[in-house]
Amino acid sequence: MFRMPAEWEPHAATWIAWPHHEPDWPGKLPAIRWVYAEIVRALHVHERVEILCHDEAVRDDARAKLAAHGVHPDGYRLHIVPNDRVWLRDSAPTGVHDDDGRVVLADWRFNAWAKYDNFLLDSAVGAAVERITGHQRIEPMRPDGAGRVILEGGAIETNGDGLFLVTEECLLSHVQARNPGLSREGYEQVFAQVLGVRQTIWLGEGCVGDDTHGHVDDIARFVGPNTVILAYEDDPSDDNHLRSVDNLLRLALADTGGIKVVTVPYPRPVTMDGQRLPASYANFYIANGVVIVPTFNDANDRVALNTIAECFPHRQVVGIHAVDLVWGLGTLHCLTQQEPAAIP
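All residue numbers for the sequence shown refer to the working numbering, where the first residue is -19 and numbers rise by one.
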């Protein structure tokens, strides 16, 4: 049996990939590299940051930017691992614990959200993490015998004690279908076997502008065993409003013995070239002693930071400017993947 620990449980490291694919941030890639340096600066004093670099030039750029930001070399490691894009929440494996507390890498098949063509290098990231860490790697299989399970880390959320959040939009829709023919019950069987899940709460839709078609990490996150932060839009004229109402109702009706829901607002819509981007405060990342939260030069930044800080009184809460970052259609949780610490 395996168990996926909650994100707030101890980490051995945080994994990221240094940005190099300019089409992800048209016209903004140089600025994005400085945002990454700021992310590492915030994390490295709390846990080691493992950084995948596409080639030697990317490695040298990362080293220079981190030095300019005053990041101590002992706080990170650079690895030359060719990759297509930087969204390690989705391309890197999910760390779980086995019955003896050892870390095992659940390496889902990755196909770029069933949307993009450039993923062959990213599909090998799990094997690279296995090589670097020495952890055992497993490849979860579909219960119907149709091959490996296609799944991304941004599509799943756990409290570490058997409760799980996913969305129907991401996993059950015929749009960007990851595992055609895999039923709700089939997914729940996989979650139980690989992640130690006893109850899956199916939310409805993700946020507007999400090119993954409904990742849960933009809308609902566990911040305690029975507490969920939900991104909630009050404005009835906003396209996120009805989605928020539906997801709040689903959480209220979940037969779990009682879930406390804490809401955070959305920032005002962030658009680029007429495209609404998936700007959400729920895309925060929980590290050992800190929570990093995307901010958007918005009045609701302070509301979201204060709300999240109340949920994590023993962690530092740091805002990271993400207006440029979200032009890549993801922010802090999307680009990080935690490596759990082994349980002694």
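Hints in this document: simulated from the structure, not taken from any laboratory.
All of these numbers come straight from a predicted model, not from anything done at the bench.
Think of the CB as a built atom: it goes at the ideal place given N, C-alpha and C, for glycine as much as any other residue.
Keep in mind that the hints are not guaranteed to be accurate.
Ranges between beta-carbon positions, derived for each pair [to be verified]:
(1) Pro10 - Arg248: 36 to 46 Å
(2) Pro216 - Thr236: 45 to 55 Å
(3) Ala232 - Ala44: 32 to 42 Å
(4) Asp191 - Ser163: 20 to 30 Å
Taking lysine to aspartate or glutamate pairs in the EDC-like style, the calculated list, with each CA pair at most 20 Å apart, reads [said to hold, decoys possible]:
(5) Lys8 - Asp191
(6) Lys8 - Asp41
(7) Lys45 - Asp304
(8) Lys8 - Glu18
(9) Lys95 - Glu110
(10) Lys95 - Asp215
(11) Lys240 - Asp191
(12) Lys95 - Asp35
(13) Lys95 - Glu27
(14) Lys240 - Asp278
(15) Lys8 - Asp253
(16) Lys45 - Glu2
(17) Lys8 - Asp304
(18) Lys240 - Asp253
(19) Lys95 - Glu18
(20) Lys240 - Asp141
(21) Lys45 - Glu18
(22) Lys8 - Glu27
Right, here's what the structure says about each hint:
| no. | hint | verdict |
| --- | --- | --- |
| 1 | Pro10 - Arg248: 36 to 46 Å | 26 Å, violated |
| 2 | Pro216 - Thr236: 45 to 55 Å | 29 Å, violated |
| 3 | Ala232 - Ala44: 32 to 42 Å | 50 Å, violated |
| 4 | Asp191 - Ser163: 20 to 30 Å | 25 Å, holds |
| 5 | Lys8 - Asp191 | 19 Å, holds |
| 6 | Lys8 - Asp41 | 16 Å, holds |
| 7 | Lys45 - Asp304 | 17 Å, holds |
| 8 | Lys8 - Glu18 | 16 Å, holds |
| 9 | Lys95 - Glu110 | 26 Å, violated |
| 10 | Lys95 - Asp215 | 30 Å, violated |
| 11 | Lys240 - Asp191 | 29 Å, violated |
| 12 | Lys95 - Asp35 | 25 Å, violated |
| 13 | Lys95 - Glu27 | 33 Å, violated |
| 14 | Lys240 - Asp278 | 26 Å, violated |
| 15 | Lys8 - Asp253 | 13 Å, holds |
| 16 | Lys45 - Glu2 | 17 Å, holds |
| 17 | Lys8 - Asp304 | 7 Å, holds |
| 18 | Lys240 - Asp253 | 38 Å, violated |
| 19 | Lys95 - Glu18 | 30 Å, violated |
| 20 | Lys240 - Asp141 | 16 Å, holds |
| 21 | Lys45 - Glu18 | 9 Å, holds |
| 22 | Lys8 - Glu27 | 28 Å, violated |
Of the numbered hints listed earlier, those contradicted by the structure are 1, 2, 3, 9, 10, 11, 12, 13, 14, 18, 19, 22.
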